[in-house]
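Chains as they are written, first to last, in the working numbering: chain A, -18 to 138; chain B, -18 to 138; chain C, -18 to 138.
Some hints could be false.
Which copy? The list can't say, so a pair holds if one copy fits it or any two copies do.
Cut-off 25 Å, straight-line C-alpha distance, at most; resulting in silico cross-link-like pairs (SDA-like, lysine to any residue) [unchecked claim]:
| # | residue 1 | residue 2 |
| --- | --- | --- |
| 1 | Lys109 | Ala80 |
| 2 | Lys109 | Arg68 |
| 3 | Lys(-16) | Gln31 |
| 4 | Lys30 | Ala130 |
| 5 | Lys30 | Ile114 |
| 6 | Lys43 | Thr81 |
| 7 | Lys76 | Val120 |
| 8 | Lys43 | Arg71 |
| 9 | Lys118 | Phe62 |
| 10 | Lys128 | Ala10 |
| 11 | Lys43 | Asn77 |
| 12 | Lys109 | Ser66 |
| 13 | Lys76 | Gly12 |
| 14 | Lys43 | Leu92 |
| 15 | Lys(-16) | Gly107 |
| 16 | Lys118 | Gln31 |
Please keep in mind that the hints were generated in silico from the structure rather than gathered at the bench. Since we're looking at a predicted model, the values are computed, not measured.
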Amino acid sequence: MSKKLSIVAFSGDFDKLTAVFTLATGAAATGYEVNLFFTFWGLDAIKQKQGRAFIGGTWLTKMFGFFMGGLRSTPVSRLNFWGISPRIFRSLMRKNNVATLEELVDSAKVLGVNFYACEMAMNILGLKREHFIPEVKDVIGVATFLKIADDGQTLFI
Amino acid sequence: MSKKLSIVAFSGDFDKLTAVFTLATGAAATGYEVNLFFTFWGLDAIKQKQGRAFIGGTWLTKMFGFFMGGLRSTPVSRLNFWGISPRIFRSLMRKNNVATLEELVDSAKVLGVNFYACEMAMNILGLKREHFIPEVKDVIGVATFLKIADDGQTLFI
Amino acid sequence: MSKKLSIVAFSGDFDKLTAVFTLATGAAATGYEVNLFFTFWGLDAIKQKQGRAFIGGTWLTKMFGFFMGGLRSTPVSRLNFWGISPRIFRSLMRKNNVATLEELVDSAKVLGVNFYACEMAMNILGLKREHFIPEVKDVIGVATFLKIADDGQTLFI
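Please construct the entire structure, taking both the sequences and the accompanying hints into account.
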């Protein structure tokens, strides 16, 4: 049986998403089947628009969508310093030849990591399939995710 | 062997507790044995008093208990906007026919999810068995939890 | 086969590190092999200097190193009250005969818990092997950690 790593990607923080994609690409590169289940804030990582945008059904979800932002506007979970820290981290990563978050996401796509979006969170936040990148394989619920993650390692980040 | 999902429910955030109970009810509904081990801030989810209350042994733990609050006063982990966000989420959930946090907790009880309270965290925070809802099955420590979670999937939220 | 618990110790929060070491010592005391993989903020737990210090290669990483601090300057993830809360928790732990964070770390060393430092995070933050306590067994990457954690329970904290 091949090895499997599944991650509930709940956080929309720059540093935690970096952890998600570092683990995902590291596992995929060594032959694991990797499944990422994006939910709540984590949906920021798979939005088409990587900056802030008013997406979502009603004005309320649109406002929230704007504040949440996308991959390029993710804050750092601590010492964010009004958005300066993610920029510092990106520059440190480039300087030290560590892949940036955007490069890690691209690697994950190339390595065949499976991207899933959480149906319930999309309903709450007024997000639709077309708001996400085409690499998202499917929109699923918890029961389906548990079946996919079965018999492997599962993390909540 | 039947499938098993165990969660260390450490967070007292509205959104993370929603994740805990969505995973718990989704798993229980599809035949999993589900064990929730509430510790630290997560204990808010199983307090009798769902609002803010001065519970705990000394004035210090009483103050902390007040600030921590209960299920109905849980903040959102990001963009909390001084407590407005949890209300917005609750309204969006109701509007979109997604179960609210309180409904998810009730479902978990009906579906036979096992609730455990962490002994050590209770000692630190001055909480006693009678401060919790009657559905709490037992007050246990880490070693017992590890035995209960053995051979299943375990998450830390 | 003996039981195994592996933890990605990502957080640098006082309360979450307390959870890491409570789980680690609880598992080790009951015969588990325990592996802790410290990354990002979690590296604070294994720094030689437990207070704030300007360590790291460039002035930028030195500044960050100062703000991050060490084990004794870790903040609480919620209701930190400008650093008063960790002190309150330490005093409550002592009063209630619960091991403090520093005592838990010492217990983990005595119980043979394996400490690993994340190579990539060290590169980003400009940290070197000599900045850490001697108990750190090795500096490793994600692929090695996954191999070490294989066939056991794995948590992300």
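Consistency of the hints with the structure:
For the homomeric pair Lys109 and Ala80, the shortest alpha-carbon distance between copies (19 Å) is at most 25 Å, but the shortest distance inside one copy (30 Å) is not. For the homomeric pair Lys109 and Arg68, the shortest alpha-carbon distance between copies (23 Å) is at most 25 Å, but the shortest distance inside one copy (29 Å) is not. Taking the shortest Cα distances, Lys(-16) and Gln31 never come within 25 Å of each other, neither inside one copy (32 Å) nor across copies (38 Å). Taking the shortest Cα distances, Lys30 and Ala130 never come within 25 Å of each other, neither inside one copy (28 Å) nor across copies (36 Å).
When the C-alpha separation of Lys30 and Ile114 is checked against a cutoff of 25 Å, the pair qualifies only within one copy, where the shortest distance is 9 Å, while the shortest distance between copies is 43 Å. In the homo-oligomer, the alpha carbons of Lys43 and Thr81 lie at most 25 Å apart only across protomers (20 Å), although the nearest pairing inside one protomer, at 28 Å, exceeds that limit. With identical chains, the CA atoms of Lys76 and Val120 are at most 25 Å apart between copies only, with a shortest distance of 20 Å across copies and 37 Å within one. For the homomeric pair Lys43 and Arg71, the shortest alpha-carbon distance between copies (16 Å) is at most 25 Å, but the shortest distance inside one copy (28 Å) is not.
Taking identical chains as interchangeable, the C-alpha atoms of Lys118 and Phe62 are never at most 25 Å apart, the minima being 35 Å within one chain and 34 Å between chains. Proximity of Lys128 and Ala10 under a CA criterion of 25 Å is satisfied in both settings, with 23 Å inside one chain copy and 13 Å between copies. Taking CA atoms no more than 25 Å apart as the test, Lys43 paired with Asn77 passes between copies only; the shortest distance there is 15 Å, against 37 Å inside one copy. In this homomeric assembly, Lys109 and Ser66 come within 25 Å of each other (Cα to Cα) only across copies, at 21 Å, whereas the closest approach inside a single copy is 30 Å.
In this assembly of identical chains, Lys76 and Gly12 lie within 25 Å of each other by CA distance neither inside one copy nor across copies; the values are 29 Å within and 43 Å between. For the homomeric pair Lys43 and Leu92, neither the shortest alpha-carbon distance inside one copy (33 Å) nor that between copies (35 Å) is at most 25 Å. Taking the shortest alpha-carbon separations for Lys(-16) and Gly107, neither the intra-copy value of 35 Å nor the inter-copy value of 33 Å comes in at or below 25 Å. In this assembly of identical chains, Lys118 and Gln31 lie within 25 Å of each other by CA distance solely inside one copy; the values are 19 Å within and 39 Å between copies.
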